[in-house]
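One line per chain: the protein sequences are A and B, in this order. Take the first sequence: its letter number 366 is residue 1699 in the working numbering, and every next letter is one higher. Take the second sequence: its letter number 93 is residue 1426 in the working numbering, and every next letter is one higher.
A few of these clues could be false.
Which copy? The list can't say, so a pair holds if one copy fits it or any two copies do.
To be verified - Straight-line distance between alpha carbons at most 20 Å, and here's what the computed EDC-like set of lysine to aspartate or glutamate pairs gives:
(1) K1404 x E1471
(2) K1726 x E1784
(3) K1465 x D1408
(4) K1544 x E1513
(5) K1474 x D1408
(6) K1465 x E1438
(7) K1404 x E1470
(8) K1404 x E1669
(9) K1779 x E1728
Don't read these hints as lab results, they were simulated from the structure.
Number of protein chains: 2
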Amino acid sequence: MMKSIVSSKYLACLVGSIILNLLFIINIYVGGQWKLSWSSRAAIEAETVAAIYCSGHGRAYLDGLVVVGNKPVCDCNTCFTGPDCSQFIPHCTANADGGDPLFLEPFWMQHLASSALVVAGWHQMSYTYSGKSFFSEELAKVVRKVHASVGNAVTQNRFIIFGAGSTQVLSAAVFALSPENTSSPAKVVTSVPYYPVDKQQTQYFSSQKFKYEGDAYRWKNRSDCSITNMIEIVTSPNNPDGQLKKAIFHGPNVKTIYDHAYYWPHFTPIPAPSDEDVMVFTLSKLTGHAGTRLGWAVIKDETVFNRMMIHMQMNSMGVSKDAQLRAFKLLNVVLEEGTGIFDFAYQTLKSRWERLVQTVSLSNRFSLQENNPQYCTFYNKVRQLSPAYAWLKCEREEDKDCYAVLEAANIIGRQGNLFGVEDGYVRLSLVRTQDDFDILIERLHKLITEEDGDKPM
Amino acid sequence: MMKSIVSSKYLACLVGSIILNLLFIINIYVGGQWKLSWSSRAAIEAETVAAIYCSGHGRAYLDGLVVVGNKPVCDCNTCFTGPDCSQFIPHCTANADGGDPLFLEPFWMQHLASSALVVAGWHQMSYTYSGKSFFSEELAKVVRKVHASVGNAVTQNRFIIFGAGSTQVLSAAVFALSPENTSSPAKVVTSVPYYPVDKQQTQYFSSQKFKYEGDAYRWKNRSDCSITNMIEIVTSPNNPDGQLKKAIFHGPNVKTIYDHAYYWPHFTPIPAPSDEDVMVFTLSKLTGHAGTRLGWAVIKDETVFNRMMIHMQMNSMGVSKDAQLRAFKLLNVVLEEGTGIFDFAYQTLKSRWERLVQTVSLSNRFSLQENNPQYCTFYNKVRQLSPAYAWLKCEREEDKDCYAVLEAANIIGRQGNLFGVEDGYVRLSLVRTQDDFDILIERLHKLITEEDGDKPM
Chain A
1334 MMKSIVSSKY LACLVGSIIL NLLFIINIYV GGQWKLSWSS RAAIEAETVA
1384 AIYCSGHGRA YLDGLVVVGN KPVCDCNTCF TGPDCSQFIP HCTANADGGD
1434 PLFLEPFWMQ HLASSALVVA GWHQMSYTYS GKSFFSEELA KVVRKVHASV
1484 GNAVTQNRFI IFGAGSTQVL SAAVFALSPE NTSSPAKVVT SVPYYPVDKQ
1534 QTQYFSSQKF KYEGDAYRWK NRSDCSITNM IEIVTSPNNP DGQLKKAIFH
1584 GPNVKTIYDH AYYWPHFTPI PAPSDEDVMV FTLSKLTGHA GTRLGWAVIK
1634 DETVFNRMMI HMQMNSMGVS KDAQLRAFKL LNVVLEEGTG IFDFAYQTLK
1684 SRWERLVQTV SLSNRFSLQE NNPQYCTFYN KVRQLSPAYA WLKCEREEDK
1734 DCYAVLEAAN IIGRQGNLFG VEDGYVRLSL VRTQDDFDIL IERLHKLITE
1784 EDGDKPM
Chain B
1334 MMKSIVSSKY LACLVGSIIL NLLFIINIYV GGQWKLSWSS RAAIEAETVA
1384 AIYCSGHGRA YLDGLVVVGN KPVCDCNTCF TGPDCSQFIP HCTANADGGD
1434 PLFLEPFWMQ HLASSALVVA GWHQMSYTYS GKSFFSEELA KVVRKVHASV
1484 GNAVTQNRFI IFGAGSTQVL SAAVFALSPE NTSSPAKVVT SVPYYPVDKQ
1534 QTQYFSSQKF KYEGDAYRWK NRSDCSITNM IEIVTSPNNP DGQLKKAIFH
1584 GPNVKTIYDH AYYWPHFTPI PAPSDEDVMV FTLSKLTGHA GTRLGWAVIK
1634 DETVFNRMMI HMQMNSMGVS KDAQLRAFKL LNVVLEEGTG IFDFAYQTLK
1684 SRWERLVQTV SLSNRFSLQE NNPQYCTFYN KVRQLSPAYA WLKCEREEDK
1734 DCYAVLEAAN IIGRQGNLFG VEDGYVRLSL VRTQDDFDIL IERLHKLITE
1784 EDGDKPM
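All chains, full assembly: derive it from the sequences and hints.
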């Protein structure tokens, strides 16, 4: 009897132990981890760094600053400090300057498993893909699919080229559209308010091929001007004011570059797919990965495409394959998630815009850009802009230097004169971290409510 | 008795089962895999693709071409084809053209675990590192350590800037060293035989700031030339011939850019650390990752550094952070491995050079560049070049077009006239895959041994 109890205890233990064995086997094999060999060390390293606690006001990076020992430290948002970013810096300056698209960071934190990337040490060492091109055909395919799913650009029978962000792609387009042998350089124009980089970059690279000639309207109104070799850069939606812009010049001697960095449902209604000769896009304002430096152009004409290819070769011998791989991974997640990233981005920016409008409307001292509703084919409904930037105007006579007004209230924006208009305007970035936006609203609210009553205009 | 046997069997099974459980626990927990969560899917995906069998004549990439279904196909070496790259293409052309540094691929395949990289979807989305710079401080630290460990460049109290390969860095240096406001553009010169990209790139970007003025010797010999605003690019070791080159021009109106892409023990003895004003290096020729597009300059003067920073901003708003992260990872492995990568690279290229010398010496029809031994401080011994390229000369009167001679023998090199010399020369790349090199030697051997006997010169 005793033996029987013992052996049935043994049996019970054995059965339990075998079940546990099976569970381990299932866990290891069906969980797929049985395969992991060379990637484990890197995976543990990355997950360990990613798990460093930064209080929701920062994050630690694999290649982040190392202060003590070998462990990267938290990279804190503006106005937060301390080893875990938990200390708020009182009276700190609200940063509403650059267009760092960190508003999309939470989306990627919510899609950890699908957006992670594992790269072998021997991955894509060559200059080219299969000895052919500097540019990934597979990436181009995904880009076409994203445009098709959003309906913001026609890509069938178009060429696609990549560059280090839209910055390098825009420059490649200007070089490619300039006449090869001419005594008079092409006139590069942009209409106010314009994206400052277009002016700065064109001036920096100006040569016998092209020259920056300022505001497009200035040329339009000059009846004596012969419109020859004109290159117009049209930023649409516009940076700074988010408006859907159209070219001012047309005709056989005019080339147009559409900078569509912001032509995504995040920022604007999409009335129709764009079908321009040269359209420029960037990962930065689609997925938020500005640091990856990956932009592209969709091009109708093969000669223009070939000249842009030469530019990319002369300038940087193509574009980083690591950037192309990252973009490939991220855009595949964009596709997998259906309307996910667009919904997230639109809701975030819409709610920011509404908070801003509410704050600004407390007085007459400031005004914002117009925001007329338009039909959006992506959402099948009429909607407003949810712009990347507020184009703030100081309405009072004495507030001529709007930048200084905000600076005195501890807010850093971007000066209006950089965009070719007077200093009554300031651009405020709405695409940065939630912390940056919250502090901006707080400072603005304080500035507006601490006025001596609302002065009517 | 029966029961006792049964229960001792149970006991044995139970012990066995418990041991197995313990092994599983050890495997899972001590193996570290217990931590893996969000990276697992990507790790399995990457390891699955990396495990695709390509017969040792190719490899499959995560972002490689997809022909059937979703599985990337093998990317085969030149002269190999088929789904697993197992079919040799008879009579195929030996490719000895470009400088694709795939000779280093086996090193990374042997260092899989340490060189793998795992990237989170939210990794480094910002334009900058901690809101400060486009360039990673941690990467700069590793670069300094690598130079210190090799002893090929002085980096203390020097500035370091990154760019998309040495191509973009060289261009940034030319822009930065040109006078700002001048009526006469800086003269950019290189001495024959020179690296063709220096000429092509300078001509492409030429402006009122600088102009390409050809072979440096041509200016040296002109007694009437006033050496003002001269920029000399010195490629040392030289591309094509591997020689350690010195600047021809000196003086207060001369700026010199040292292109040290090949100044690593792989290719050349290292007589002393270089200590020039502007020194350019690239990951491509150090680790073999050409596709990553990551080069750097070590700069003495702060003004030059600042101007190069402006160039990088105007041109591409910095450089891909994905490229910087990859470089960070790979250079850390270079450091971890001590002399590992240098030994591997040197031995590979030394053996290739010896096989080439042996083949060429079978006749008098061709000759190679000089290869005088020199003291190498890295290996503490006298050694020869193990050059990246053979600078082959056709010695016969009737072989004026050396490129055509090789082409007829099914070998593609790079034409001498691209390097500023006559067509009696051809550059043959020795840094490509082992397959490419083997086929080159085979074709050369055939060409040389099928001659009508050895014609003395």
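Hint-by-hint comparison with the structure:
{"no.": "1", "hint": "K1404 x E1471", "result": "between (36 Å within a copy, 12 Å between copies)"}
{"no.": "2", "hint": "K1726 x E1784", "result": "within (17 Å within a copy, 82 Å between copies)"}
{"no.": "3", "hint": "K1465 x D1408", "result": "between (40 Å within a copy, 12 Å between copies)"}
{"no.": "4", "hint": "K1544 x E1513", "result": "both (14 Å within a copy, 17 Å between copies)"}
{"no.": "5", "hint": "K1474 x D1408", "result": "between (35 Å within a copy, 18 Å between copies)"}
{"no.": "6", "hint": "K1465 x E1438", "result": "between (35 Å within a copy, 19 Å between copies)"}
{"no.": "7", "hint": "K1404 x E1470", "result": "between (38 Å within a copy, 15 Å between copies)"}
{"no.": "8", "hint": "K1404 x E1669", "result": "between (34 Å within a copy, 17 Å between copies)"}
{"no.": "9", "hint": "K1779 x E1728", "result": "within (18 Å within a copy, 83 Å between copies)"}
When each numbered hint is compared with the structure, no violation occurs for any of them.
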